[in-house]
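2 protein chains.
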Amino acid sequence: MYTQLPSALQGLQLPLRIRLWDGQQFEFGAEPRVTILVKDPTLMAELARPSLDLFGSAFVEGRLELEGSLSEAVQIGDQLTQAFGHFAQDDDDGKRTAHDRSLDATSISYHYDLSNAFYQLWLDREMVYSCAYFKTGQESLEQAQQDKFHHLCRKLRLQPGDYLLDVGCGWGGLARFAAREYGAQVFGITLSREQLALARERVEAQGLQDQVELQLLDYRDLPQDGRFDKVVSVGMFEHVGHANLPLYTRCLFGAVKEGGLVMNHGITARHSDSRPVERGAGTFIHRYVFPNGELPHLAMISAHLSDAGLEIVDVESLRLHYARTLEQWSERLEAHLDEAKALIGEHSLRIWRLYLAGCAYAFARGWINLHQVLAVRPLADGSHHLPLTRADLYRC
Amino acid sequence: MYTQLPSALQGLQLPLRIRLWDGQQFEFGAEPRVTILVKDPTLMAELARPSLDLFGSAFVEGRLELEGSLSEAVQIGDQLTQAFGHFAQDDDDGKRTAHDRSLDATSISYHYDLSNAFYQLWLDREMVYSCAYFKTGQESLEQAQQDKFHHLCRKLRLQPGDYLLDVGCGWGGLARFAAREYGAQVFGITLSREQLALARERVEAQGLQDQVELQLLDYRDLPQDGRFDKVVSVGMFEHVGHANLPLYTRCLFGAVKEGGLVMNHGITARHSDSRPVERGAGTFIHRYVFPNGELPHLAMISAHLSDAGLEIVDVESLRLHYARTLEQWSERLEAHLDEAKALIGEHSLRIWRLYLAGCAYAFARGWINLHQVLAVRPLADGSHHLPLTRADLYRC
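The listed protein sequences correspond, in order, to chains A and B. Residue 1 is where the first sequence starts when you use the numbering used here, and the numbers rise one by one after that. Residue 1 is where the second sequence starts when you use the numbering used here, and the numbers rise one by one after that.
These are computed hints drawn from the structure, not numbers from a lab. Please note: incorrect hints may appear among the correct ones.
Note that the list lumps identical chains together, so a pair holds whenever it fits in one copy or between two copies.
Using 20 Å as the maximum straight-line C-alpha spacing, the simulated EDC-like pairs for lysine to aspartate or glutamate come out as follows [said to hold, decoys possible]:
#	residue 1	residue 2
1	K135	D314
2	K135	D392
3	K257	D307
4	K341	E67
5	K341	D273
6	K341	E238
7	K341	D113
8	K257	D225
9	K341	E65
Values in this document were obtained by computation on a predicted structure and should not be read as measured data.
Based on the provided sequences and hints, a complete structural model is requested.
This is the structure:
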């Protein structure tokens with residue numbers, strides 16, 4: 001029997017070839033650059049109600065294969081989904097699991113304990129797993145990550161001897177940088193044992209033991225005596241859960257001294273209301289990549305920071321920087337597929353490949369954002385000692 | 001009969017003298033710099049449950065007089081209120097009147113049509129009635145207002161020929177500046193006839209008729225065809241009312257072209273929840289100064305901008321700049337009390353004196369804030385053409 005493509009696909013002009021399990025081929029343009037190989041006949045029925053999540057799941061489960069550039073495949077997958085005009089809802093989007101210490105430890109371990117060697121394949125040398133800062137757009141990833149560290153430290157007006165708390169310190173790149181380049185004393189915490197082990201190894205290797213202390217610690221257990229001059233949190237509030245953001249921001253408030261600065265750098269949702277993520281892309285992320293991750297809108301994180309007593313002084317979107325960062329990560333991973341497969345296996349590799357290419361696309365399209373939110377814990381009289389302008393960030 | 005002071009006041013150390021209607025005097029420190037003259041005996045009972053609103057209303061109604069520096073009197077009034085440990089609630093704070101064209105026109109007229117000559121007594125030459133930008137803190141008010149205009153135009157990346165919409169243009173200072181200094185075409189709107197008349201006069205006087213068009217127009221009547229390259233709104237969203245912020249932000253979205261920038265500069269509330277304004281100071285403002293004004297929190301304005309389709313790219317707090325601006329306005333008004341009284345009468349003068357000194361104090365203490373919120377209407381593909389960094393704002 002000759003298989004029919006869904007009618008919505010007929011007449012589409014795309015550099016795409018669809019090849020079915022039985023060898024039938026459909027081409028949507030003169031020079032196909034991407035081929036979708038449908039291996040499972042039952043997928044045809046599901047494709048009548050498509051979503052990026054459906055394409056993603058089918059790829060992870062091996063029900064379809066992709067040939068050609070993965071990032072181009074993501075873009076074409078989105079155009080296909082759009083062509084249908086109606087999308088599967090992101091069913092998981094409203095479901096929230098109450099976050100507690102145990103759930104958070106499990107969720108963090110799932111993602112960050114995967115394999116240090118795997119992350120080393122495609123991250124920069126310092127293993128910075130967050131949005132880089134491209135000052136001109138011509139920088140290497142290595143340089144852009146160092147520039148990001150500078151940007152964060154400058155926004156924090158970090159001074160020699162400052163006691164800096166790094167909440168969610170990852171592999172410790174920023175902690176070591178702040179100690180080495182700015183003379184800070186750093187206390188960093190993570191819930192990932194793999195990250196902690198490698199981070200501590202590198203602190204030793206760089207002889208920074210007297211300046212950098214790293215611990216496996218939940219944010220709920222942070223000291224609340226205002227001992228820190230500054231607090232930095234990078235890629236962390238996405239894991240906290242909406243319901244716990246008041247607790248999280250109160251913990252940051254309690255940790256920093258009066259007059260101290262708190263930087264929250266993280267991924268934010270596009271809309272403040274609970275509209276589903278565009279084209280059903282959120283389910284894939286929740287199911288395979290960041291279990292129990294919950295992106296707040298900038299308004300949500302701002303509200304909780306304020307209500308905890310922290311005054312918002314500076315916000316900057318780095319959305320297009322993150323698109324660029326993720327494109328580079330994706331390219332680097334695509335260049336090391338065999339090594340990656342040996343380290344984490346076929347199933348996980350499919351997840352990470354699609355996640356990196358897909359998130360690059362999502363940031364470029366504006367489905368998600370990245371905001372650096374700087375806040376101050378005011379002095380008792382309501383004032384603070386921040387410079388009158390931000391010119392010092394740009395060394396004028 | 002010898003009058004007793006409320007017990008909470010006994011033992012207070014303040015540079016304050018209280019003088020009663022019958023000549024009795026109480027001193028709270030060795031060298032009183034401020035004297036509160038209680039003219040109305042019935043005020044004594046009310047002072048047992050004090051608030052800044054009570055002091056303010058009593059001053060406006062002439063039930064008490066203040067001798068000494070008005071700004072010091074505000075500070076001492078706050079310390080007195082604190083000393084009682086319990087404060088009258090800000091009863092008006094939760095009451096909202098539905099904003100429509102008619103109410104908005106009346107509210108704006110109440111404040112801004114008061115008397116151009118009065119505002120000229122204490123504003124800078126360009127009559128800029130919003131937070132100035134003090135780059136070093138040493139600038140004159142005149143200079144700091146010009147620098148604020150530059151800061152806004154730079155954030156908007158204003159280019160020669162850009163069509164700029166100025167929503168709530170006041171006396172047209174920014175509109176003329178943008179035309180003169182940046183070569184923009186400007187369309188400005190206000191609901192104040194007094195402002196419009198003087199603003200147009202000055203456009204003529206400066207020969208800017210071909211570049212600056214000013215109209216008496218409600219924001220609800222703005223063209224929605226994306227004709228403007230940039231939009232600026234200074235000191236405007238405070239008048240819109242919370243319930244109308246979705247409509248207001250949709251109007252801005254509809255007015256600006258794809259890829260265009262929208263700057264909202266305005267006063268924001270300290271907390272995102274509906275806690276009353278500190279020490280009951282909000283009632284005075286609502287009753288006497290800004291009828292039907294409603295300060296949104298930064299989170300609220302951010303949420304509505306996003307949900308209207310505008311992406312937030314840059315936020316800056318200028319809170320301490322506004323404290324400084326208001327201190328200077330207050331000092332300038334205090335230096336011209338006789339002329340001011342001749343222009344607006346005793347009752348209004350008491351309101352404006354206390355409002356300026358009180359708001360300077362409120363900004364300094366952090367009870368209210370000032371945020372510049374820059375947003376972009378993204379291009380169809382989700383991208384935008386903003387520079388990668390903000391260094392261009394600081395001419396590096």
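Quick check: which numbered hints come out false for this structure? Numbers 5 and 6 - these are the hints that the structure violates, sorted from lowest upward.
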